[in-house]
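Listed here are the chains, written in short residue letters.
2 protein chains.
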Amino acid sequence: MADIAVTLADKRGTLPADDKLGFGKIFTDHMFVMDYETGKGWFDARIVPYGDFDISPAAMVLHYGQAIFEGMKAFRTEDNRIVVYRPVDHLKRFNNSADILSIPQMDVDLLHAGLNKLIEIDKDWVPQSLGTSLYIRPFVISVDPFVGVKVADEYKLLIILSPVGAYYASGFKPVKIKVEEHFVRAVKGGLGEAKTPANYAASLKASEEAQKEGYTQVLWLDALEQKYIEEVGTMNIFFKIDDEIITPELNGSILNGITRRSVIQVAQDWGLKVTERRISIDEVYAVHAEGRLQEVFGSGTAAVISPVGELSWKGKNIVINNNQTGATSQKLFDYITSIQQGRVADKFGWIGEVTKI
Amino acid sequence: MADIAVTLADKRGTLPADDKLGFGKIFTDHMFVMDYETGKGWFDARIVPYGDFDISPAAMVLHYGQAIFEGMKAFRTEDNRIVVYRPVDHLKRFNNSADILSIPQMDVDLLHAGLNKLIEIDKDWVPQSLGTSLYIRPFVISVDPFVGVKVADEYKLLIILSPVGAYYASGFKPVKIKVEEHFVRAVKGGLGEAKTPANYAASLKASEEAQKEGYTQVLWLDALEQKYIEEVGTMNIFFKIDDEIITPELNGSILNGITRRSVIQVAQDWGLKVTERRISIDEVYAVHAEGRLQEVFGSGTAAVISPVGELSWKGKNIVINNNQTGATSQKLFDYITSIQQGRVADKFGWIGEVTKI
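Residue numbers (numbering that gives the first Met the number 0), protein chains in the order written: chain A, 0 to 356; chain B, 0 to 356.
Certain hints may be false.
The list that follows gives simulated cross-link-like pairs (lysine-lysine, DSS-like), each with its CA atoms no further than 27 Å apart [said to hold, decoys possible]: (1) Lys149/B x Lys24/A; (2) Lys91/B x Lys187/B; (3) Lys204/B x Lys204/A; (4) Lys155/B x Lys149/A.
Keep in mind the hints are simulated off the structure, nothing from the lab.
Just chain A, with the same shape it has in the complex:
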């Protein structure tokens, strides 16, 4: 494996108090960087002080969006170990996104080693109190200074770290979600399965409108018929109907969420019936009318589990479980966060220890 050169920052910053962390605004002292050139492959893996870098105004990513990213988290356990949640699964998905965007494959072992080394160096930035974590953002951008549409020949990979506060600082609060009728996020044959800037750019207008109307996020329907449920803005979605857990099947336009996988595996381990299938918004409204819709919740890296208390579709609102967090949502949240924070045994092998250097 390639060596990872380390250049330490002259000055170290300080982790703010847990209630000052917020999300995505504070960054640690160092970052991991690696470059790629056609014919040379990925090279010069290194850890350097966190900071701005030079970019050409003609850099391809700024014009044609060839880029990918990942999002995962590290936690400080009660016994003061630092662990990463499903790092290899995230890095494998990073390579899957790379394939969809015609970006060269990366060495997962090298990235994993680089990530662990980076976290070890910035370990004082990992907060400890319940719900806090160190958010990890690996990303690749195309940087050739060339104004023309093509697959790039030069890329830059970075991993940056951001300590984040508790998502539910004042306890679980079920969210209001707007079922989007006009805009679409992704379509079969498009980029929906990739974690790539394009999918998020496509969501901005709808999210902005939904937020103005008082909703937290939008629930996307399929692009073809505007009928089948796909995913929420930054989460996959689950429905509990007649004690069965149902989630939209992976179809090429839905993100293959890592927390989605965790929810499915845990629920099955608990003996619950879990089904991945097409589910229409009509069906959700119909089973709600019949009193059979027990819970709705989202799954994602940021929130882990996010109970949905209200859905709005074509001006018709339905309230789920009296706008209270359901038992299964709560139990999944408690269990998965307990694994992440090392409070229960890691029976699924999801936890990556940050190796000491």
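Put chain B on the given structure of chain A with help from the hints.
Chain B in isolation, oriented as in the chain A frame:
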């Protein structure tokens, strides 16, 4: 109107020989820059030496793709004037793309003045020989250092200039186009009408595969039925059938091309029947079989007109007009390029003179 501060470069570069220009690789000595912050609006319009700039690794554009661009051209006329082709139409479309991406509106007059001033300063970079031009790339990127999906609060606008060689250095050559069956570029309710990186990121995989198979570009079908013709990779498309010019109607997922508009206006001015309507790939193949498909050509800023000599769809190839440039394609190319280069009167009011400073 805001002042535009100018900082001149210490050293000037030299315009390469026309046959060394290529496309999108060479940039002039200066660029136009302007910043935006919520609450402050657009500010600090300035012309500075062309060069790399600092960007935060957390800059939103690198993660969530909130960005737009334009592409237009300046020409040096035979009598040594420098003119820009439809600058105000391009800048208005820039604002339309901004709206779709939730980016704040820009002052078209200010941008136009800034563009003219920039070109005047770098006027020695405008090549003169037939087919050459100065390609103009205005773009806006979101630059807040924030890792979370939202509409940004900070933007940077740049205009960069690139002298480009003749698109058809060795004369018109009809291209081979692959009709895409698997991938889709955009869908109604998506970003297809905007000039935004996301649409081009979505095209990379299909274009790469088509090029490996020997095709120049792909022709996109609609995302819903994979039946109706949308546009080619970087061009709109026209069909001449029974002496009628037919092009797909604007439907929200097709780019509202400026050259497309010029073609429609010129053809109508010539008394040709021009129809904007849905047209299916089946219809194109059917009229070809009946000997009624006279010409196929693309329209775009880079090529102006690009005759299509061959289409391939589901393994069935059709050759159009014996793989020769059709009379209408040739006449449109000659006429529009003559207007651009000041060789015929600008009867449509498309030409913007670069004002002397």
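Hint by hint, here is what the structure shows:
1. Lys149/B x Lys24/A: holds (13 Å)
2. Lys91/B x Lys187/B: Holds, at about 22 Å.
3. Lys204/B x Lys204/A: Distance of about 26 Å is within 27 Å: holds.
4. Lys155/B x Lys149/A: holds (24 Å)
Violated hints for the displayed structure: none, as all numbered hints are satisfied.
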